[in-house]
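Peer 1: Sequence:
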Amino acid sequence: MGYRSHSYEEYKNAIKLLNKGVGITTVSRELGIPKSTLHYWRHNLYKPPSARWHPEPSEDLAYVLGVMLGDGNLHLHGYCYDVELKVKDYEFAEEFSKAVAKILDKKFRKPYWSRSHNRWRVYYSSKAFYIWYRRQDLDTLKPYIEHNRETVKRFLRGIYDSDGNNYRYKHIFLYNSNLELLHYVQYLLKKYFSIKATGPYLNKKTGSIHVKRNSERIKTNHDNYCIEISRMKDIQVFLSEIGFSIREKQLGLPRRK
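Per the working numbering, the very first residue in the sequence shown carries number 1; after that it's consecutive.
Keep in mind that a hint or two might mislead.
Cross-link-like lysine-lysine pairs, in silico, DSS-like; alpha carbons within 27 Å at most [said to hold, decoys possible]: (1) Lys98 to Lys153; (2) Lys196 to Lys233; (3) Lys102 to Lys142.
I should point out that these hints are in silico values taken from the structure, not numbers from a laboratory.
Based on the sequences and whatever the hints tell you, model everything.
Peer 2: Below, the structure is given as structure tokens:
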């Protein structure tokens with residue numbers, strides 16, 4: 001039988017019973033947790049990863065969630081559980097790094113240029129975050145996103161930093177293959193900022209070939225959709241209230257190569 005990672009709720013319930021004087025054997029039988037594990041927990045010799053870090057609603061967590069639903073990745077290699085970002089824009093990588101460092105209470109890491117990926121890369125190791133995020137879906141993330149108006153704002157900035165585009169200050173697009181996510185973003189824009197985003201529209205069909213500016217040819221693995229903000233007053237509200245971390249996107253300038 002493989003090792004089982006226990007949830008924060010299991011740990012909390014077990015400690016609560018043990019602190020009340022309930023015996024280890026009884027707690028083990030009631031909760032289905034091995035007695036050896038309870039012994040380590042009781043004497044503070046070991047905590048499950050979920051108990052070393054527990055998510056709390058914050059603007060930084062909301063921003064990280066927005067990025068993770070866009071360009072961010074979880075990467076497991078060996079015993080390392082990484083949350084990482086590889087992007088072309090340094091400002092974006094730096095903003096993400098600041099937010100992750102704060103929510104994980106770790107020392108800030110400057111993004112570094114990865115020649116093999118031709119991207120700015122930043123990563124942090126956290127088994128607790130890795131396990132927690134893997135268990136989430138959009139519905140379970142909503143309380144962290146919609147904790148208040150500021151967390152909504154930061155979430156939207158995170159997803160638009162990842163997958164958004166400001167075309168010459170005339171159209172703001174958001175691209176993603178997840179239709180549920182795009183509809184949710186439309187809902188947030190309308191409810192919290194009175195911004196109308198039309199769509200979703202089919203942008204690229206599965207199997208289509210996309211030629212990048214460096215002539216690299218990429219085959220689309222999933223249908224890709226977009227939503228669009230086109231009314232000038234909505235664009236102004238978006239850029240002033242939500243905005244982009246990336247200078248070129250904020251100003252509607254061509255992206256750097």
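Peer 1: If a hint holds in the structure, say so; if it doesn't, say that too.
Peer 2: Tested hints:
{"no.": "1", "hint": "Lys98 to Lys153", "in the structure": "17 Å, holds"}
{"no.": "2", "hint": "Lys196 to Lys233", "in the structure": "10 Å, holds"}
{"no.": "3", "hint": "Lys102 to Lys142", "in the structure": "20 Å, holds"}
Violated hints: none; the structure is consistent with every hint.
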